[in-house]
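Below, each chain spelled out in residue letters.
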Amino acid sequence: MNRFAELLDRLAYEPGRNNKLRLITGYFREVGDPDRGYALAALTGALSFKHAKPALIRDLIASRTDEVLFGLSYDYVGDLSETVALMWPKRGANNNESFPGHPSPPPSPARGEGAQRSAQRPMSTTANSHLASDGPTALSVPSPLAGKGQGEGNRGRDTSDAFHPSNHNNPPPPTLAEVVSTLRTLGKTELPKQLERWLDELDETGRWALLKLVTGALRIGISARLAKTAAAALGDKDPHDIELIWPGLSPPYLDLFAWLEGRGEKPVNRDPAPFRPVMLAHAIEDSDFAALDPADYIAEWKWDGIRVQAVAGRDERGHITARLYSRTGEDITGSFPDLVPSLRLPGAIDGELLILREGRVQSFNVLQQRLNRKVVSPKLIKEFPIHLRAYDLLGDDENDLRELPFAERRERLETFVRKLDDPRIDLSPTVPFASWEALTAARADPASAGAGEDADAVEGVMLKRRDAPYLPGRPKGQWWKWKRDPHIIDAVLMYAQRGHGKRSSYYSDYTFGVWTAGDGGDELVPVGKAYFGFTDEELLQIDRFVRRNTTEKFGPVRHVVHEGDKGLVLEVAFEGLQRSPRHKSGIAMRFPRISRLRWDKPPREADRLETLERMLKAEPAEIEV
Amino acid sequence: MWVTRRCGVATYISGMRPQDILLPAAAGLCCKPGGFHIDPVRPVERAVITHGHSDHARAGHGAVLATQETLDMMRLRYGENFAGSTQAIRYGEEIRLGDVSVKFHPAGHVLGSAQIAVTCKDTCIVASGDYKDAPDPTCAPFELVPCDVFITEATFGLPVFRHGDASDEVKKLLASVALFPERAHLVGAYSLGKAQRVIALLRQAGYDAPIYLHGAMETITGYYQSRGIDLGDLMSVKGVKKAALAGTITLAPPSATSDLWTRRFPDPVTAFASGWMRVRARARQRGIELPLVISDHADWDGLTATIAATGAGEIWVTHGQEDALVHWCRSKGLKAQPLDLVGYGDEEESETPLTDEAEA
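Each protein sequence line maps, in turn, to chains A and B. Counting in the UniProt record's numbering, the first sequence runs from 1 upward without gaps. Counting in the UniProt record's numbering, the second sequence runs from 1 upward without gaps.
The following block holds chain A by itself, in its conformation from the complex (with noise of 0.2 Å):
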């Protein structure tokens, strides 16, 4: 468990991608099974107990600690689970121990924890020495009124420490293996006790992550898809193959273990509804258009939805089992109950999540509602009916469609859409063009190109080569994207914050604002935070520009001047709008980037909020659940 923390520790620190993977990498090396399958399973979110409620963290804390220290160091950290981490007392610790680094008159004294302790609980102190003196022979009778030990307990307070490992009576810290088991079992009344002996026996980085663990709330940045791709590493393996027999597989994933490292044959996936990788477009530029032959492709719409797969299998039994994946292969099956009885047919659907509400797409921003619920009330699906509009079909019953032409796969798909004739799935029609003119007004104009009145849930258009098969990841010249232009508005740079890792040394994250009127005429109102889109070039003027030009410093971030006559204007490109109350402005851009930086324009020329208002009066309007 120790170890396993380290790793987490490690990683919350960490911001560079490949050095996480590295990181992740080198753990499953250097630990063995089960622990590292655990560890796997806790990153990309398959284990499952009943998490521990703070409350029962507080309760555990309070019987050890003054409520008063406790309160203070609570106040001084902010989070309660590094707080017990950092401050538990561990019963039983060896305090008597005198230090002999030091040379000084007196006797050595008491110290640590010992000298508080003597003094709070005279009689378990006295047991304690016992217990640390009895050595050797204490082993073997493994109490939680036992010494810490060498762990981090004793501190090495002087080199001697090294010299005196006899007094090393305290259980091992748990593995994480036994952690996870004991919680899958444990009854609730016996989790407090369970919880206090770890405590006990971990060190403060394991007394930190078991209680991440314990209360569920292990964020720390990295996702499923990169746990796999770092165990993918350890074998020289592609991660899409772990993907596809991933579904089949349970922790402590021994048999993965055993293929990655060549001592095993590779798991056969026997899930009936199993994740393929997901092919992906790259972006169009005006420069590729010249290159390529309009009768290669065939042209449908970018819907602004959620890019899914939703794939239906028979089990043994001749039962269908449906499931419903993101794009990076995670089962979002549970979120989205109502769509599974829609999902009878065995096949494997890709395509694209959305709200229809009487037969209309809604904006991404409804679709929003949807998202990341824990609960799905009947009263959400009712107002936030979901749909499933299919682009691809990858897998008709027992037969996988991958290899297959796009043109042909799109006909089978048609075929499967019909039979299945579900008023939950349809199909993402295609754009009919001749040239690329005509794509580009088609594009221009989704409303009189086919799209109708759910133009405005068109995010641009995508091409696929008619030849191409599916592809996993992102392969060269098979599909485009061709999004429709992003809004753009000119904001003034207001503040600037460094970045992180790589970027630690430049102010790269920029909030910008745009003009509206105060009480004492027209003041600049934050709107947004960008951190990318520009050039590295780009990067190192804005960053000579904010050190030039800072008027005032909050710990990280600088206060950059903004005023009629002197400031940066950035063009800032978004691709929508939603109403925030979290922000000064009551509004919220989606995916913000810097476009352009136009050192040409004096910030008093710069845009204002009420151009914004009218951009989000044009949204459809979003609704409270």
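Derived from the structure by calculation, the hints contain no laboratory data. Each hint should be verified, as a subset may be incorrect.
[Stated by the list, open to error] Taking lysine-lysine and the DSS-like style, the derived pairs with C-alpha atoms no more than 27 Å apart in a straight line are: (1) K502(A) <-> K529(A); (2) K553(A) <-> K584(A); (3) K529(A) <-> K566(A); (4) K483(A) <-> K529(A); (5) K502(A) <-> K171(B); (6) K171(B) <-> K242(B); (7) K53(A) <-> K193(A); (8) K502(A) <-> K242(B); (9) K172(B) <-> K502(A); (10) K241(B) <-> K502(A); (11) K121(B) <-> K103(B); (12) K237(A) <-> K266(A); (13) K374(A) <-> K188(A); (14) K529(A) <-> K601(A); (15) K502(A) <-> K238(B).
Got chain A sorted already, so can you dock chain B onto it with the hints?
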């Protein structure tokens, strides 16, 4: 000189209270019967100084009494004329000043750091300055001084601050260097004390490659070496080619590890050796990727154990988290109060600013 000059204030009555001996004043902790200040933050006639960190040792006093090392470091930082006159005192040496006697004891904080025991009649007050009770190969170990009143720092005066074994943290650093041989490791460390301790710990752990130094660390580190502290092969990072820094360790003042200066390193891993790194938010706020919990201050366990062991019945708590430590003392039946002294704290804040044109 110190010993010969008598203090003018000698009008004390017997049976004095501790605050008649030492009292917080605007300039710092003032000893009226002895006619001096301890670690004054403003120029005073006579200053007794615990250690060389710039928040404790400032220039411009009339006369300064400190250990030879502290005086040397002040000279290196502020130039020859940092004080009107100086006098060096050894650990264990006792000097009579006015109506009090003053004795220096090792504080274990940095090279030359001292606790100052001030005795008047039969009352002994120990002003510990900054101290730590953990081992440090670069300075004399902390000495416990029994006293009536103990003045303790409280930099890490919260029970969440429990600094583990520093050598384990150095192992963490070395493991990272092994894992990322193509990246440079940049370790932020205060240039007086922490940097040299980290280097010494790296050497203890068996790391014998050259260690690179930021320019701001070179003088003090050179001084440590001149005092016989073996730090192995050290090199200036200035002028070294980027590619040559892959797989190396460089020490730099904390403020330098997040600025322009870092662009000379290949994909640097930013580490910071500090007791503050115990708290994640502090590490994240600074953009640290590899926090190393290595502190030159006593942690919570060290503070409470030391307080108990001095036998002092009265505890004065200065700079840091006074509230928690005062609360703890009172819960143990000790008389305790926070001492309002201003101007102490993060030694980094008062370090010489970097020569970074853009930051200036």
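Against the structure, the hints:
1. Note on K502(A) and K529(A): the hinted pairing holds, with a Cα-Cα distance of about 19 Å set against a maximum of 27 Å.
2. Annotation: proposed proximity of K553(A) to K584(A) holds, straight-line Cα distance about 21 Å (limit 27 Å).
3. The hinted pair formed by K529(A) and K566(A) meets the criterion: a straight-line CA distance of about 20 Å does not exceed 27 Å.
4. For the given pair, K483(A) sits about 22 Å from K529(A) by alpha-carbon distance, which is consistent with the 27 Å threshold.
5. The suggested pairing of K502(A) with K171(B) holds, with an alpha-carbon distance near 24 Å, which does not exceed 27 Å.
6. Note on K171(B) and K242(B): the hinted pairing holds, with a Cα-Cα distance of about 25 Å set against a maximum of 27 Å.
7. For the hint linking K53(A) to K193(A), the alpha-carbon distance of about 14 Å falls within 27 Å, and the restraint holds.
8. Straight-line distance between C-alpha atoms of K502(A) and K242(B) comes to about 15 Å, which keeps the hinted pair within the 27 Å bound.
9. Straight-line distance between C-alpha atoms of K172(B) and K502(A) comes to about 21 Å, which keeps the hinted pair within the 27 Å bound.
10. Restraint check: the Cα-Cα separation between K241(B) and K502(A) comes to about 18 Å, which is no more than 27 Å; the hinted pair holds.
11. Of the supplied pair hints, the one linking K121(B) and K103(B) holds, its CA atoms being roughly 14 Å apart against a limit of 27 Å.
12. Straight-line distance between C-alpha atoms of K237(A) and K266(A) comes to about 11 Å, which keeps the hinted pair within the 27 Å bound.
13. A hinted pair counts as satisfied when its Cα atoms are at most 27 Å apart, and K374(A) with K188(A) qualifies at roughly 22 Å.
14. Taking the CA atoms of K529(A) and K601(A), the gap is near 20 Å; set against the 27 Å cutoff, the hint holds.
15. Taken as a hint, the K502(A) and K238(B) pair is honoured in the structure, with Cα atoms around 20 Å apart against an allowance of 27 Å.
Checked against the numbered hints above, the structure violates none of them.
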